[in-house]
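4 protein chains.
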Amino acid sequence: MGNKIKIAVIGGGSSYTPELVEGLIARRETVELRELALVDVEQGREKVETIAALTRRMLAKNGMEAVKVTVHFQPDEAIRGASFVLTQLRVGQLKARAADERLGLKYNLIGQETTGVGGFAKALRTIPVMLNIARKVEALAPEAWIINFTNPAGIVTEAVQRHTKAKIIGLCNVPITMHHMLAQMLDEPFEALRLRFAGLNHMVWVHEVNVRGENRTREVIDKLCNGATMTMNNIKEAPWPAALLRALGAIPCPYHRYFYLTREMLEEEQADAKAGGTRAEQVMKVEDSLFRQYRDPQLDHKPEALRFRGGAFYSQVALELIAAIHNDTGAPLVVNTANLGAIQGLAADAVVETNCIVDATGAKPLAFGALSPAMHALTTQIKTYEQLTIEAAVNGDKRAALLALIVNPLIGDAKLAADLLDEVLILNRDYLRPFI
Amino acid sequence: MGNKIKIAVIGGGSSYTPELVEGLIARRETVELRELALVDVEQGREKVETIAALTRRMLAKNGMEAVKVTVHFQPDEAIRGASFVLTQLRVGQLKARAADERLGLKYNLIGQETTGVGGFAKALRTIPVMLNIARKVEALAPEAWIINFTNPAGIVTEAVQRHTKAKIIGLCNVPITMHHMLAQMLDEPFEALRLRFAGLNHMVWVHEVNVRGENRTREVIDKLCNGATMTMNNIKEAPWPAALLRALGAIPCPYHRYFYLTREMLEEEQADAKAGGTRAEQVMKVEDSLFRQYRDPQLDHKPEALRFRGGAFYSQVALELIAAIHNDTGAPLVVNTANLGAIQGLAADAVVETNCIVDATGAKPLAFGALSPAMHALTTQIKTYEQLTIEAAVNGDKRAALLALIVNPLIGDAKLAADLLDEVLILNRDYLRPFI
Amino acid sequence: MGNKIKIAVIGGGSSYTPELVEGLIARRETVELRELALVDVEQGREKVETIAALTRRMLAKNGMEAVKVTVHFQPDEAIRGASFVLTQLRVGQLKARAADERLGLKYNLIGQETTGVGGFAKALRTIPVMLNIARKVEALAPEAWIINFTNPAGIVTEAVQRHTKAKIIGLCNVPITMHHMLAQMLDEPFEALRLRFAGLNHMVWVHEVNVRGENRTREVIDKLCNGATMTMNNIKEAPWPAALLRALGAIPCPYHRYFYLTREMLEEEQADAKAGGTRAEQVMKVEDSLFRQYRDPQLDHKPEALRFRGGAFYSQVALELIAAIHNDTGAPLVVNTANLGAIQGLAADAVVETNCIVDATGAKPLAFGALSPAMHALTTQIKTYEQLTIEAAVNGDKRAALLALIVNPLIGDAKLAADLLDEVLILNRDYLRPFI
Amino acid sequence: MGNKIKIAVIGGGSSYTPELVEGLIARRETVELRELALVDVEQGREKVETIAALTRRMLAKNGMEAVKVTVHFQPDEAIRGASFVLTQLRVGQLKARAADERLGLKYNLIGQETTGVGGFAKALRTIPVMLNIARKVEALAPEAWIINFTNPAGIVTEAVQRHTKAKIIGLCNVPITMHHMLAQMLDEPFEALRLRFAGLNHMVWVHEVNVRGENRTREVIDKLCNGATMTMNNIKEAPWPAALLRALGAIPCPYHRYFYLTREMLEEEQADAKAGGTRAEQVMKVEDSLFRQYRDPQLDHKPEALRFRGGAFYSQVALELIAAIHNDTGAPLVVNTANLGAIQGLAADAVVETNCIVDATGAKPLAFGALSPAMHALTTQIKTYEQLTIEAAVNGDKRAALLALIVNPLIGDAKLAADLLDEVLILNRDYLRPFI
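Protein chains in written order, with this note's numbering: chain A, 19 to 454; chain B, 19 to 454; chain C, 19 to 454; chain D, 19 to 454.
Source of the hints: derived by calculation from the structure; they are not laboratory data. Given the structure is predicted, the values throughout are model-derived calculations rather than measurements. Errors might be hidden in some of the hints.
Since copy identity is lost for identical chains, a pair holds within one copy or between any two.
Subject to a maximum C-alpha distance of 25 angstroms in a straight line, what follows is the list of computed DSS-like cross-link-like pairs (lysine-lysine) [stated by the list, open to error]:
#1 K241 <-> K416
#2 K303 <-> K113
#3 K124 <-> K433
#4 K22 <-> K292
#5 K22 <-> K113
#6 K22 <-> K303
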């Protein structure tokens, strides 16, 4: 069996899994696999078994039939003996996400799944489940690394890091997608760009673009001011106002639109909801169609249509991270991990998204120094929102929950926050511990 | 002439001045006056001369005719030889304030004179004038203390402190008014209450209420939750939501309503503007009526009606501060001064509003420690807004100005901020250096 | 019984107690006493009963016979119902102190009781006893304040603050003595001087001397450079080198001589030890003579000779502190309490010695800002030594103990530290928990 | 000419240069050379010409005769057009170093060239010369990187970084030597070890030894406690006391002996000085013998004897750093650069020695977090000493100089410091600006 490893995937029935499998096939030489253990909830049995069958076909096609693909409805056996535990779960499925979005719309607020009231509701639902998984990892596979994709990824990663001893790194495809887009914009190979990321998950800026020692940040900003766009599948494409970009002197990530262009984003969300349904409602349709394809016993590769699902480069980042840890390479990756002083003015144990070096001991952030004042203020606000949300989720603390919503820049007003909180707690009562 | 001092009042034609004069009369034994130099702009000649005449009558009635009352339309001669320079000026008069309020209303935003876009516009107009005054103090009366009442008082005080060597302390009547209200609420003498203030000007919380060693904070919060109100003349009375107070565990100041109850405050502002006009428009009427009374050659005391103007306890705080410095008393006062580490997480040179000890060397804040997370986040945001505004005003820096409005929680949206900035710069073009 | 209070004195058999009693008599109107409970160890029975008898005579002479004076050999009954618990105990008595001094001399090191290896040994002996007292206060008189005089006062105060919930303030007569000396030097009344103290106990500097708003620091330094001395009874008088004072720009406390003039201090200590014995050995003789006087049934006042014992102004600071808390006065006092950000670069919970405002809620330090670099470095070193010593004493942690001695600037060398540690643990084996 | 670069070597006449040339030959494919410009002072003409001739023979032997080797007695022409400026100069030559050592011995103090009074004297002599070089680089080759080997390397690097705009990275062979030694001790390949360095130059600890994800720090400490040694040519071999290593939980660098084992090191230094002369005096002999060999027109390679000179791995680190910058590789190297928050509690602009990622934009330290308290205290002390020394050297500030010596743990005593300072200023009067 040698150095062949077992990977557990919590939320293995996700429509993204074939993307991950494709990555495992592509990297089979650097990350040799022994077993892929897919875990999902009982209600998702049909989906996860569909995924398992497709996975087996994909592996077989590539001469990897020796890899065991197992399916589990309790995490324990999947976690035991695993070297990596990938978490990509969705508590309450897309139905809960749609409810979050509709709640936002009801109050004329952004209902997106990682920011605003939607992200808050998702965090409350998800944190208890993730802590439960992490405690099992602690007990059953203490040397394993949790690779977390579960959104809101920054909050979830910090909750696990603060409240368990499990080793965890949070991952997101935003940084790598920005990297690809900037490479394309500058007509340079991906590898030639050195980007300086610092911020939080879904709220990260590129502060510097260097190509072979030359600082080309200003050139990128000029291009963006002149209409070049840099957006991702699951975010509406609103071009950045030139004055904003020049004032920031940095490149915001697509999710920053929720904060900097709130009014416009809300209008588009409202229009979309009227037209084709909310994002979750649209995704449900995409998922139905994807699973129809996945069930085809002839299908032995990732179908093209998956790329509309929004997870571009998902397997690239996942596999690069796994390979860096497994092979102790010291690779430079942008991940979510404890700050340790890298970004000035944030606590050492606050989880941040920034350039790291990853080896077998984990991720170490590069010292960044201070964010410029306006970025520091927004980051402080969001990090405080995140930490209050974690406190609320872990302790069922209604006061922390209310403050979280008040601190969140997409809400702010205390009466609005109180109304929203009441609704969130009722809508999610099946997933939450009692709040007092 | 002994230890008798000269006090200069910049903006001496203000309707508040008789309040100050009343204070000078009441404290004549601790602060012996030699000269009161009233300075105003040429356009305000009639008003300041009215005030000067009334002042002379008030002093004479109290046997203080030896005090010289002088009127100036250039600050230099007023400042020379002064021990204290009180700044209570209003660049652009109430007309400019009314324009700020109307601008806010046009965009469905709070237009109040110290928060939001109104405070921003006022800061841009005021900072250059105040720096000019401060540089004259530096040159002509380097030992003098500037006692600043000019709003936005926190920003103005920090601008002077950062960009000149003049000695300055910022003052506001909010803390003392809260102190009086809380004493009344607890049915205790004013002196028995020890209140712990920490925050920024017009954004300060009472974190602890102690009476003879007993912590009665919770009792005060309970009372406020049960309908006790604590509001000031110039702020609308919206009772605090109980959930907010209990979550904060502290007592917000009246101006916090603009941040915590934005929607409600805006609605009231809009309704008021329709009914009796904006706050500035109402104040103009009050002022007209006040000055009619002031002109009465029989009037030799502060008229009752002044108390509707909103400056309760204005002379009490001013005179207590002057007396503490002049007599080197080490009195405990709540003022605006450099943080010096008192509030954790704010820069040493950030101006904060907190409990200080005041003696002849100035104000020294008491170490407070950390604000609770939600308060720290809001304070960081507002302080960043303030510092970006100062940078904008001092350097005519349009990028800093845009970021200031984006960081301001009452604005936030970048496109809205850009539109507002354009209007502010046009409306105030007579008062501003060129912005680039 | 009204507002009359009970004060417990742990170490009531100390020769200093009559000084305290004299203070209680002088302040009887501001601090009305009901009971004075003297606690000591069984071995000190004769001494504490001598003190109790003298105390009763002193009180009677001043018409205070109504005050109950009780003697205890267990602290519990003394602490129960007390408003203040004064701790001035000496674990191992002067014999242990003499052993510390002789140990230092054996290794050519300063053996003084609050610095170097002597202070370290004393801290190890004292912390467990003080924690025991503090836990009893927690349980039996949770509202009481511990006023700690026990040396090393900074370390002991921090140990109690870190490891119990008892309320404690540390006191020392160094700041008040410096204040008196500086007043005399400037020929100004005590009250006219405003001094800015910041540092640690027995390592505090006066950073600024202000008299009625005028900064006279430089003048004081000039006087000191020209031979004015400022020393205390229990410290050898070595004049400060002018170059040092001018480089510091501040006035060191007498105990700084151990750090800045180590060689000279050691030589004097060695010479004294040869001549009249170590400090403890000399004090034993003073004590014998004092107790002989105390036993005189005619004696009903503090004998003059006590002033040679070295506790000048001891009762002044103790009573001022008690009065400030008891009467909620907000008096400005220099005490040892948690830093809370007052001195930049030290942790919020590090105990520092600096200007505070004291009222019924305790002591609040005034924000000081940053120490100049050379002072910051020494302060960091000593504070680290102190915290390692506390860790060693509380946990019986030999590694922390070794590091404490290595970090202490009077030791430094690791082999020397190891040898010293072995000897300290053996010499004090009766007082220490087992070290591992 | 393509991408071929020019390297200037300030202090090119050093006996180390053949080591560097050997490295340039070995790496000729990754760092293609166009010109090697050797700069030295006029007094060193014979030496630098000897080195230039040997260099040409070495290059020729390896088919690199196309590389131009130039000799300069003014830096300007050497710097113009250079991509890298290596600084390895020695102001006052070995004679000055010997004088420093003898001065130390006179006062019973360590006289070593980078710590204590010797390092201080060397810093005072060297900083003005290095600033002069750096200002020329600023003007003549603003894109060039200064690679500084000149001791005391941490101080010199920080002086240049603080007072010029030249780009500089400080290098030392201590980290790489420790890495080689630890690899040997664990019988693992060099590449398999991941070491966590954090501290200052010549005062750096290895905090963690990881091999393929396994933390083997404790094993290394055990080996060292059991007699394994890890020393370098130019430091006396004193085995570490086991108790110290276990208390630290980290591996000190060889130079830490001067701080932790001061007494022993001093005794050995004194014994050596009596026997074979001070280190500088011994090195002079080695140098004479080396240059005799260098002059041999048959010699076309680095002579074996050079390895006794103490510069093990000097060319390896120099070339790895040059290659990482030149080829934008992002290589992990341990260098001296601005802290940027990497080590908690040190200023962002303090130069530290720690793990960095090096690419064409320079060196970025990995966030380390907090040093353990005893290490933090020593580091604060030494960094403060360094910064006061820089201030003294740059401004001729005698007060800063005195404080530097007082803060230095090898001196401490103020009178001793004053005496030493007088001697240092006289001995080095030819090299220093006037001190006041």
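So, going through the hints one by one against the coordinates:
Taking the shortest alpha-carbon separations for K241 and K416, only the inter-copy value of 21 angstroms comes in at or below 25 angstroms, while the best intra-copy value is 46 angstroms. Proximity of K303 and K113 under a CA criterion of 25 angstroms is satisfied intra-copy only: 12 angstroms inside one chain copy versus 58 angstroms between copies. Taking identical chains as interchangeable, the C-alpha atoms of K124 and K433 lie at most 25 angstroms apart whether they share a chain (15 angstroms) or sit on different chains (24 angstroms). In this assembly of identical chains, K22 and K292 lie within 25 angstroms of each other by CA distance neither inside one copy nor across copies; the values are 50 angstroms within and 62 angstroms between.
Neither within a single protomer nor between protomers do K22 and K113 lie at most 25 angstroms apart by alpha-carbon distance, with minima of 38 angstroms and 62 angstroms respectively. For the homomeric pair K22 and K303, neither the shortest alpha-carbon distance inside one copy (38 angstroms) nor that between copies (58 angstroms) is at most 25 angstroms.
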